[in-house]
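Engineer: Each chain is listed here by its residues.
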Amino acid sequence: MKKHKGHFQNEQRTAAAWMFLAPAMSAIVLFFVVPVLSALLMSVTDFDIYALGNLKYVRFMGLQNYMRILDTPLFWTAMRNTMYFVVVGAPLSVALSLGAALMVNSKLTRFKPFFRTIYFLPVVTSLVAVAVVWRYLYHPGHGLLNHVLSWVGIAPVDWLGDPLFAMPAIIVMAVWKNFGYNMLIFIAGLQNIPEELFEASHLDGAGGWRQFWDITIPVLAPTTVFVVMITIIGYFQLFAEPYVMTEGGPMNATTSIVLMMYEQGFRWWNMGYAAAVAFVLFAVIVFFSVIQMLIQKRMQS
Amino acid sequence: MGNEGEMVRQLIPEFERRYPGIKVDVQQVPWTAAHEKLLTAFAGGSLPDVFQLGNTWLPEFTVLNALEPLDPYVRTSELTRPDDFFDGVLKTNILDSTLYGIPWYVDTRVVFYRKDVLRAAGFSQPPHTWAETLRLCEIIRQQASARGIKRYPFFLPTNEWVPAVAFGMQAGSSLLKDQNTRGDFSGPQFRKAFQLLASFYEKEYSPSGMQLITNLYNSFSEGLITMYITGPWNIGEFSRRIPDSLQSEWMTAPLPSMDTISPGISLPLGTSLVIFGKSKQKEAAWKFIEYLTSTEQSIKFYGITGSLPPRKSAWRDTSLSRNIYSRAFYEQLQRVEPLPHVAEWEQIVIKLQLYVEYIATRTMTVDEALRKFDAEVDQMLEKRRWLVENKRIR
Chain A
1 MKKHKGHFQN
11 EQRTAAAWMF
21 LAPAMSAIVL
31 FFVVPVLSAL
41 LMSVTDFDIY
51 ALGNLKYVRF
61 MGLQNYMRIL
71 DTPLFWTAMR
81 NTMYFVVVGA
91 PLSVALSLGA
101 ALMVNSKLTR
111 FKPFFRTIYF
121 LPVVTSLVAV
131 AVVWRYLYHP
141 GHGLLNHVLS
151 WVGIAPVDWL
161 GDPLFAMPAI
171 IVMAVWKNFG
181 YNMLIFIAGL
191 QNIPEELFEA
201 SHLDGAGGWR
211 QFWDITIPVL
221 APTTVFVVMI
231 TIIGYFQLFA
241 EPYVMTEGGP
251 MNATTSIVLM
261 MYEQGFRWWN
271 MGYAAAVAFV
281 LFAVIVFFSV
291 IQMLIQKRMQ
301 S
Chain B
1 MGNEGEMVRQ
11 LIPEFERRYP
21 GIKVDVQQVP
31 WTAAHEKLLT
41 AFAGGSLPDV
51 FQLGNTWLPE
61 FTVLNALEPL
71 DPYVRTSELT
81 RPDDFFDGVL
91 KTNILDSTLY
101 GIPWYVDTRV
111 VFYRKDVLRA
121 AGFSQPPHTW
131 AETLRLCEII
141 RQQASARGIK
151 RYPFFLPTNE
161 WVPAVAFGMQ
171 AGSSLLKDQN
181 TRGDFSGPQF
191 RKAFQLLASF
201 YEKEYSPSGM
211 QLITNLYNSF
221 SEGLITMYIT
231 GPWNIGEFSR
241 RIPDSLQSEW
251 MTAPLPSMDT
261 ISPGISLPLG
271 TSLVIFGKSK
281 QKEAAWKFIE
291 YLTSTEQSIK
301 FYGITGSLPP
311 RKSAWRDTSL
321 SRNIYSRAFY
331 EQLQRVEPLP
341 HVAEWEQIVI
351 KLQLYVEYIA
361 TRTMTVDEAL
371 RKFDAEVDQM
381 LEKRRWLVEN
391 KRIR
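Top to bottom, those sequences are chains A and B.
Each residue of the first sequence is one higher than the last, beginning at 1 in my numbering.
Each residue of the second sequence is one higher than the last, beginning at 1 in my numbering.
Keep in mind the hints are simulated off the structure, nothing from the lab.
One or more hints might be untrue.
Unchecked claim - DSS-like mimics (lysine-lysine), calculated; alpha carbons at most 25 Å apart, straight line:
no. : chain 1 : residue 1 : chain 2 : residue 2
1   : A       : K112      : A       : K177
2   : B       : K391      : B       : K91
3   : B       : K278      : A       : K56
4   : B       : K37       : B       : K383
5   : B       : K391      : A       : K56
6   : B       : K383      : A       : K56
7   : B       : K115      : B       : K203
8   : B       : K372      : B       : K177
9   : B       : K37       : B       : K282
Only chain B is shown next, with the shape it has when bound in the complex (with noise of 0.2 Å):
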């Protein structure tokens, strides 16, 4: 999918080199049509033989039964261990005690920081819990305005559903209740959450809408914005769009949390690799998913396209464990929790979105928005409560 599609094919030679009975022919697809074209394809009959996964969207294609066990292959492996995956990224791959996919590169996200901006507001280190980084934001904001103009701290994208999770998940709500069957957003601890996350805009730590910040890597290098939550794809760009003379200002960090545990729990993104239940070449297809996840493969394939390994072996690689913005993120992946295991989450995250933006434009009070969120998102649940009720699935 995206880009990776197109770089994959870099990886292809040498596996038919290794398996000369096996072709491999790549179709690729663009991520904003992904989802709709794997569901299309099954509801078709033409899904792959094997294909790449968002995380989050496993849960929907097990519900298919689209996809194939992946256990009784891992076991007679010698390349695919599971405990050299970190813990968190192959929990996100495990429903019902079943294994349905290999990670085949790993996405959390930690926070992207300007050095000097931090220095000048007495920071010599990124804070490590948000109680912290509200103090830090509330400085830089009264250094800006001494100066007379606006600076915006933390950027919080109204359009982003992960931070909004990723502080839930730090303040011990478990986003959904009874047998995942409920939403669990207008409990205390998501509350909890979501006023964090509202005091960001409420104090203008955060712009509340989207239009100041047409160009993230600009308003970045201008110092509108000091702080930003986002994924490994933006080492690669942060190091080709900042300025040189800004180049060693700017640096990662892991998420700061709610308790003094550090780093705070961010979230097992990234893609897995899987197999089409209904495949008439599933040896072939596993034969390709170990090689593509092997140690040595996911070196490779971090090389051409930056993309982070899930294996832990593969960050004993110098060009891993040299790389000084990689490191968050190895930090960050210890403690990375899987989201609930419901297919409806891609719709409940996307909906959630949209309170994002009703509490950043104060269009509603963070209570009004969790007690109609969760309104929407037992709608959403409802058949899933009625199989769940009826014993039809856990």
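Just chain A, same shape as in the assembly (with noise of 0.2 Å):
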């Protein structure tokens, strides 16, 4: 008998867990689930514009569009934009934010509210505005950069139209732009770190080196791995900042993965061929994380 009570309120309870659940579960089906099964799907056709005009001239084409990605030029120059982003930029990024952090939450730092708030300032503002200051800033004729570097004799460069600079410019601008995020991370990740720590390694007679080698970097590992880690994916999918500040120019150089899927969907309505990127980069995605944590757990035994 007893035991016939427990099984009904182990279901009952069961059930109302599903009932807490549903309405988050139906959101993530709705939005998620049934566009990345439709996209999945969408991926082995070859859905365009003229299949939106009627519905009779859609061919399935099997892996024929991830045949095709491939052996398209375009793609491989965005893969090395995309890659050269993601390695300068990223490192670059998290060094950054990482410095900010300490130097934001040094005992030696005053008004740190104000400095936390120009620092995270970037990554609240609109984009659009931002590159508007940004294309300013590096207007060949009128730049304040080239200004700048006039002075030390260096002759003006055009940061975006010249496909050797356009790259590295946009990882400037975006790494300005994004620090801050990852800044507060680290910060909430020194904040966790007991002052006794810090103590107990003073009387030992370490030095400021010694601490943070010691102590912060250890103790910040797992949110360093943590924000590497959302760097890295987030940095994949640059999109916003080529197409509003270059348009994946000149000659292609600053046109990223995401850019060229969105091209390809939105612009031209291939819609079959962009969900197959979309696919290809979630696979070069998914491949780079697991190499991550495969480090990251060599690293810890």
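Assemble the dimeric complex from its two separately framed chains, guided by the hints.
Structural biologist: Set out below in structure tokens:
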């Protein structure tokens, strides 16, 4: 009897749990699972502007979209650009945000909330507004950057117009725009380090540098792993910066994977192809995340 | 769209007064977002009753079956007479012998040039052929280098496709071949055109990057550039931005030609007004198009925006016939040829810009660039090829 009652209670509990989960679950299914599955389906068709006009014109393509992507020179250009952005931009962003967090959190710093706010300000500022200002900074003729460089005798550079400099220019702007977010996470991590650790090590005669390497860095490791992971995933999805600053130019030097996908999908309406690009990017991100997790595991053991 | 989307509001009250039963709601869209927005609106089933389409976008929307054929409306209309429109412009709106759009304003490209610089080079008239143009460029460059300065006589921006396509049409290229299912850019005609274009960059008659000309109007006033191919909106800009001392020294001329017939072929750009095929108010929509494209209203619209009327009768109005700068446009409009009617056209020419950049910077030779470009175009047209081969479309 008792047993039966317990079973009944359990069942009731499960039902209640599902009821509580239902709103969130249905939102996830509706706005995540369904679109992802439709995109997957779309990626094996050639859904395009002709198909939009007449559904009879859709062809099943199997993996042909994927083969075509690997065969497209622009995809490899976009891949190279995106990797460039990730490999240079992500470490720069993490280092800068850690540095800023240490400075803002330092006991010597005054007006902490002020600095926290101004470093965070770019994160919440509209990218379009930021782009207008940065385009002006980068202007080859009247830009502040070239003006400053002219003091040390460097000839004007067409930052956004020269294929060699466009990506570095985008990286600098993107890092400046985004580092504040990671900085806040680092600050939270720093504030979790018990003060006693520093006091004890101080009594043992450890200097500031030693404390940084032996206390701050190890304690901050989980935070750093998290920050590096989300930064890399985020940076792989580079889109808005080149979209508003260069439209992928000059000579495709700033075309990223997502920008290419957007153009194929929403500009030329090659939805099947664009969906396939999305899944290729997904695979690339998964690949690098797994590698990162493996490295992390090895370091822990 | 853009500025004209704002300015057209001024013509609405008069329309609503004439047709009390019809109320017009204008939605303005910036040009840069218009193409995506219209396609998305179609996918969402929310296209407006009447909308404006860039001439090169028309084929996409006919592929979508989004447009109402306008022949029946025109047949019974008193205001809209097809023979009053410039031939090349009207043809742009006829696909498979069906009329889908009524030209609203035209935009073709002509040469803007500095009279004083040409005079100093011994040209009292702008050149009529490209051979003459190249000679003129050489004289201007030599005169400049004798004074120890750098001059770019003919500015051909590396991020524009229009000059390349106009050159190609002048050279007799059909641009696409096999019922518009393959690129014909590596064919001998277009190669000739691309070689001409490349020679401007090779001989440094035009800068081969965009970084030198940061302000077109300053560069033009300073004499850094002498000639530039552009559209009617720059009549207004030049009048405002060129210093007073130079106002009498700039002029417009039709495009030089590759043969002896002047002017050389240019493109019928500009926009048309179309009716959404699923509109519930087609009669009212037509009344509105009829009104906006009438001779009377297109003259008014020219007065407000400077957009050139597509109707020959409008050009007899003194505001146009007395404007010395629009004369070249009138001559040019007599010789414009429609572009290939394929939905992929916009995609093709955006890609063409990249190849113009490649030859300007000598990243590729002309032959290599055109071969690679044709391969890319063939891939873009793969679906169209399949549909044509299976007789689904023409």
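Engineer: So, for every hint listed, does it hold in this structure?
Structural biologist: Do the hints match the structure? See the list:
Simply put, A/K112 and A/K177 have alpha-carbon atoms about 20 Å apart, close enough for the 25 Å limit, and the pair holds. Using a Cα cut-off of 25 Å, the hinted pair B/K391 and B/K91 holds, with the two alpha carbons roughly 23 Å apart. Note on B/K278 and A/K56: the hinted pairing holds, with a Cα-Cα distance of about 20 Å set against a maximum of 25 Å. Annotation: proposed proximity of B/K37 to B/K383 holds, straight-line Cα distance about 23 Å (limit 25 Å).
A hinted pair counts as satisfied when its Cα atoms are at most 25 Å apart, and B/K391 with A/K56 qualifies at roughly 13 Å. Note on B/K383 and A/K56: the hinted pairing holds, with a Cα-Cα distance of about 13 Å set against a maximum of 25 Å. Between the alpha carbons of B/K115 and B/K203 the distance comes to roughly 22 Å, so the proposed pair stays at or under 25 Å and holds. With a C-alpha separation of about 16 Å, the suggested pair B/K372 and B/K177 falls inside the 25 Å cut-off, and the hint holds.
Taken as a hint, the B/K37 and B/K282 pair is honoured in the structure, with Cα atoms around 22 Å apart against an allowance of 25 Å.
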